[in-house]
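Residue numbers (the numbering used here), protein chains in the order written: chain A, 107 to 474; chain B, 357 to 900.
Everything labelled a hint here was simulated from the structure, so no lab data went into it.
Keep in mind that a hint or two might mislead.
With a straight-line cut-off of 30 Å between C-alpha atoms, the simulated DSSO-like cross-links for lysine-lysine are [said to hold, decoys possible]:
| no. | chain 1 | residue 1 | chain 2 | residue 2 |
| --- | --- | --- | --- | --- |
| 1 | A | Lys-176 | B | Lys-622 |
| 2 | A | Lys-147 | B | Lys-649 |
| 3 | A | Lys-115 | B | Lys-765 |
| 4 | B | Lys-622 | A | Lys-416 |
| 5 | B | Lys-649 | A | Lys-115 |
| 6 | A | Lys-115 | B | Lys-622 |
| 7 | A | Lys-147 | B | Lys-491 |
| 8 | B | Lys-649 | B | Lys-622 |
| 9 | B | Lys-538 | A | Lys-403 |
| 10 | B | Lys-538 | A | Lys-452 |
From chain B, some residues computed to sit far from chain A (all C-beta separations above 10 Å) [unchecked claim]:
| no. | residue |
| --- | --- |
| 11 | Glu-412 |
| 12 | Phe-426 |
| 13 | Ser-465 |
| 14 | Pro-484 |
| 15 | Val-620 |
| 16 | His-623 |
| 17 | Ser-628 |
| 18 | Arg-646 |
| 19 | Phe-735 |
| 20 | Met-797 |
| 21 | Arg-884 |
Every residue, glycine too, gets a C-beta built ideally from N, C-alpha and C.
If you want the building blocks of each chain, they are given just below.
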Amino acid sequence: MIENPEIEKSALECLSHYGVGSCGPRGFYGTTEVHLDLEDKLAEYMKCEEAVVYSYGFSTIASAIPAYAKRSDVIFVDEMVNFAIQKGLDASRSQINYFKHNDMEDLERLLMEQADLDRKNPKKAKRTRRFLVAEGIYMNTGLMAPLPKLLELREKYKLRFFLDEAISFGTIGKTGHGLTEHFNIDPSEIDMISGSLENSIGSIGGFCVGSHFIIEHQRLSGLGYCFSASAPPLLMAAAITALDIMQRDPSIFQTLRDNSTFIHSQLSSQLPSDLRVHGHPESVIKHIRLANPSGDKVADEQLLNEIVDKCEEAGLALTTAAYLSDREVNLPEPSIRVTVNALLSKNEIEFAVKTLKNCAESVFKIQL
Amino acid sequence: MALDKTEYSMSAAEKMSNGAVGRNKNGVRVDRSDGHVHQNGSAKKEKRRPFIESFENIPLLTAATTFIGFHLILLMGYVTSIIFTPKVAREKNRQGYVPLYDRFESFYSRYVYRRLRDCWNIPICGCPGSEVTIKDRVTHDCGWTFEYTGTQSTALNLGSYNYLGFAQAEGSCSEDSAVKIKELGCATASPRIEFGTQKIHQELEALTAEFVGMEDAITFGMGFATNALNLPSIVSKGCLVVSDEKNHASLILGLRLSGANVEVFKHNNMESLRQVLHNAVIKGQPRSHRPWKKILIVVEGVYSMEGSIVRLPEILELKRKYKAYLYVDEAHSIGAIGRNGRGVVDYFGVDPKEVDILMGTYTKSFGSAGGYIAGSKAFIDHMRVNSHGNCYATSMSSSCAQQIISSMKIIMGKDGTNEGKKRIDQLARNSRYFRRRLNQMGIITIGNNDSPVVPMMVYMHSKIASVVRRLKTNNIAVVGVGFPATPLMEGRIRFCLSAAHTKEQLDNALVHVEEAADFLGLRYSRKRRSKEPVHYSDSESEME
Numbered sequence: 107m108i109e110n111p112e113i114e115k116s117a118l119e120c121l122s123h124y125g126v127g128s129c130g131p132r133g134f135y136g137t138t139e140v141h142l143d144l145e146d147k148l149a150e151y152m153k154c155e156e157a158v159v160y161s162y163g164f165s166t167i168a169s170a171i172p173a174y175a176k177r178s179d180v181i182f183v184d185e186m187v188n189f190a191i192q193k194g195l196d197a198s199r200s201q202i203n204y205f206k207h208n209d210m211e212d213l214e215r216l217l218m219e220q221a222d223l224d225r226k227n228p229k230k231a232k233r234t235r236r237f238l239v240a241e242g243i244y245m246n247t248g249l250m251a252p253l254p255k256l257l258e259l260r261e262k263y264k265l266r267f268f269l270d271e272a273i274s275f276g277t278i279g280k281t282g283h284g285l286t287e288h289f290n291i292d293p294s295e296i297d298m299i300s301g302s303l304e305n306s307i308g309s310i311g312g313f314c315v316g317s318h319f320i321i322e323h324q325r326l327s328g329l330g331y332c333f334s335a336s337a338p339p340l341l342m343a344a345a346i347t348a349l350d351i352m353q354r355d356p357s358i359f360q361t362l363r364d365n366s367t368f369i370h371s372q373l374s375s376q377l378p379s380d381l382r383v384h385g386h387p388e389s390v391i392k393h394i395r396l397a398n399p400s401g402d403k404v405a406d407e408q409l410l411n412e413i414v415d416k417c418e419e420a421g422l423a424l425t426t427a428a429y430l431s432d433r434e435v436n437l438p439e440p441s442i443r444v445t446v447n448a449l450l451s452k453n454e455i456e457f458a459v460k461t462l463k464n465c466a467e468s469v470f471k472i473q474l
Numbered sequence: 357m358a359l360d361k362t363e364y365s366m367s368a369a370e371k372m373s374n375g376a377v378g379r380n381k382n383g384v385r386v387d388r389s390d391g392h393v394h395q396n397g398s399a400k401k402e403k404r405r406p407f408i409e410s411f412e413n414i415p416l417l418t419a420a421t422t423f424i425g426f427h428l429i430l431l432m433g434y435v436t437s438i439i440f441t442p443k444v445a446r447e448k449n450r451q452g453y454v455p456l457y458d459r460f461e462s463f464y465s466r467y468v469y470r471r472l473r474d475c476w477n478i479p480i481c482g483c484p485g486s487e488v489t490i491k492d493r494v495t496h497d498c499g500w501t502f503e504y505t506g507t508q509s510t511a512l513n514l515g516s517y518n519y520l521g522f523a524q525a526e527g528s529c530s531e532d533s534a535v536k537i538k539e540l541g542c543a544t545a546s547p548r549i550e551f552g553t554q555k556i557h558q559e560l561e562a563l564t565a566e567f568v569g570m571e572d573a574i575t576f577g578m579g580f581a582t583n584a585l586n587l588p589s590i591v592s593k594g595c596l597v598v599s600d601e602k603n604h605a606s607l608i609l610g611l612r613l614s615g616a617n618v619e620v621f622k623h624n625n626m627e628s629l630r631q632v633l634h635n636a637v638i639k640g641q642p643r644s645h646r647p648w649k650k651i652l653i654v655v656e657g658v659y660s661m662e663g664s665i666v667r668l669p670e671i672l673e674l675k676r677k678y679k680a681y682l683y684v685d686e687a688h689s690i691g692a693i694g695r696n697g698r699g700v701v702d703y704f705g706v707d708p709k710e711v712d713i714l715m716g717t718y719t720k721s722f723g724s725a726g727g728y729i730a731g732s733k734a735f736i737d738h739m740r741v742n743s744h745g746n747c748y749a750t751s752m753s754s755s756c757a758q759q760i761i762s763s764m765k766i767i768m769g770k771d772g773t774n775e776g777k778k779r780i781d782q783l784a785r786n787s788r789y790f791r792r793r794l795n796q797m798g799i800i801t802i803g804n805n806d807s808p809v810v811p812m813m814v815y816m817h818s819k820i821a822s823v824v825r826r827l828k829t830n831n832i833a834v835v836g837v838g839f840p841a842t843p844l845m846e847g848r849i850r851f852c853l854s855a856a857h858t859k860e861q862l863d864n865a866l867v868h869v870e871e872a873a874d875f876l877g878l879r880y881s882r883k884r885r886s887k888e889p890v891h892y893s894d895s896e897s898e899m900e
């Protein structure tokens, strides 16, 4: 969407009307018609009652979680969630229980333990809110969350479910509505879905959708919403145009899905045996990791960086996934993160895979 | 010594501050001190501008009526909640779940905030310049729902943060931004450390560093996130942070996320700060009594709710004495104060390198979005590797970056005109003139005479809403702030002046403010009011 001329045109139009900045928070004359339009469109697109738009993707989930979860609450969260969610969890000061990545049995075990604690202390249990946080497609691994099973557990143990669709919004599902469409589930089953306007929409910002009851609260207590200037109107206009394009032309999602599965099959078959591709075949994020990691993350990362540098010389832009090693709760293995784009043609994909294969082989040969 | 003079006037003021009017002539605490610290053995310095801040105390009767009024609202709300069912969204399909919201929170937002809700979140349909186009809306059910009437009205904008008037849709800044959108697209979809750095970001950082007078700078896409994501990389467990009690929510969030110990000192009170530092150095960490890893003082340049300016020279002296680091958040002061618009260091004539970390945002004076941190090269290099924002958050949009570059060049005079200097002078004139006229009317304004933010005290919640609504019918758009952003008894109307305002616009606004003051009884001040006309100039000889 970034190169799309229609989006550029609407951004320029908005610029000529509103200028660049909005000069104020949403409460003090920073709310323009464009912001309100985008919120209405997002709510309509995701078939929810209300949407709230933030000016930065990172702050969205990092402000949304602490708006609801406080010190006395309990949150169950996957151990491989992205950094923004981790910051949101820190800010909420609640008790955090991590369950093994995508492992529903582990989650059930933790929930049963919590249920035992509740039985021993029913008074406290009545005041403790319980939350479940998961991502649609995990940024750090490329796998999808098993939504039906999560909803089942949610119903059974009375949790409130927040789904972060930063990557999965606008990329999976028949018409790009995200994980709920992929699994054919009604979005109102999920208490709150948060997404980002920075990945598939090609603008800057983030949003949360849900029922009136849940979203209205964020307008008074979401820190990144109340105490920060609203997003520049031109970026909001770009997002509205992107949404229009998505609604008008759902065939791009099929193209994207085809590209994802094609890349996945090519990478699995063509890469040397030292490298392995991780991620769901339909996911737009794939991680390429060493098949036999040496145990020393720094050295592994250096090796992958060499491969990436060689690829750059050959005309292929790749990047190793960046992490702050001493800040992450659960540092993932070093990897080359591949993102899929709907504009890539089959030839380009084949060229990419071949280049990667050659560079990787030459680096490994040098190593030996 | 300047420090003593301030200390003296502080302790005298502390005696007055409990609202006992009888002990002092008119209950006023006025702190006057020179804006700089005398160094030993230095030659006589030129006369600096005086640092005049006033925080007149609330009259006792007003305090009592505000208190009673607030509790009356709560009582009425309670009665209403029993008699009528609220028209509020209810949760569906969630029986047996623990309630999501606290009872007082939802009560307050439904029965207190809802009555005054039409004063906030007012939608606009144009550029927030010196005049703003408001989309009219009415409520037929006391604030539960709103309906748009379909009309628009233009109002004088005294509510947006547009200090130097760069919120314009025409002009060289917007044209340059448009060019950049065509060249580089709207966004980069990548964090800075991966693929998000474009040449324009590097240009912006070099220009920012030059503007504030530091060695290097690093920029981020959002001002709030700049504080919240970078303070954890600067301080951690085992460090002590001494922070002003009125610091912004983003600073408080960043400090909470960092895990450092936080001690609060009274707002802009140097004696309180000295005591906190003194105790910290002597006692050390809480249980082990080992010395702190580092001590960081966190203050803001201009406090947007109080309108006060930080006492930078005195803080620098304390910092040197106790070997602490200093972090100044110049969100509202960069571009807005100082002879050349370079912020608090320029205002006080201090060498910027004496402050360790200067942080600021581009939203207010530059008409864009984003934030920066400036410091020494070694420090910024550390931030480039360790900052959460650099590593995980998307980089700034190229149009925003270009807007900042263009406006910064105008302020610095690099575009060849003196447009920048004219704007800075105009803002200074507007701020001083407006404040003096208000004081002359007998309205209590708090904060520094030179700050572009002028808070007018109204104290009662009902008066906040009345003033905002009344001025709106007269086509003046203002902002009211009350609990919980300010203390319970101190509701205020906050005027944000801009270089784009002309004297005629301000005079017109003042006429209507005076009318509102008469109608609602806002002339609380008991200071002597001068009858002389206030001149519209930036000479310092005009005093009340």
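Here's how the hints hold up against the structure:
| no. | hint | verdict |
| --- | --- | --- |
| 1 | A:Lys-176 x B:Lys-622 | holds, 27 Å |
| 2 | A:Lys-147 x B:Lys-649 | violated, 50 Å |
| 3 | A:Lys-115 x B:Lys-765 | holds, 27 Å |
| 4 | B:Lys-622 x A:Lys-416 | violated, 57 Å |
| 5 | B:Lys-649 x A:Lys-115 | violated, 53 Å |
| 6 | A:Lys-115 x B:Lys-622 | violated, 51 Å |
| 7 | A:Lys-147 x B:Lys-491 | holds, 19 Å |
| 8 | B:Lys-649 x B:Lys-622 | holds, 24 Å |
| 9 | B:Lys-538 x A:Lys-403 | violated, 41 Å |
| 10 | B:Lys-538 x A:Lys-452 | holds, 28 Å |
| 11 | Glu-412 | holds, 25 Å |
| 12 | Phe-426 | holds, 18 Å |
| 13 | Ser-465 | violated, 6 Å |
| 14 | Pro-484 | violated, 5 Å |
| 15 | Val-620 | holds, 18 Å |
| 16 | His-623 | holds, 18 Å |
| 17 | Ser-628 | holds, 25 Å |
| 18 | Arg-646 | holds, 22 Å |
| 19 | Phe-735 | holds, 17 Å |
| 20 | Met-797 | holds, 24 Å |
| 21 | Arg-884 | holds, 34 Å |
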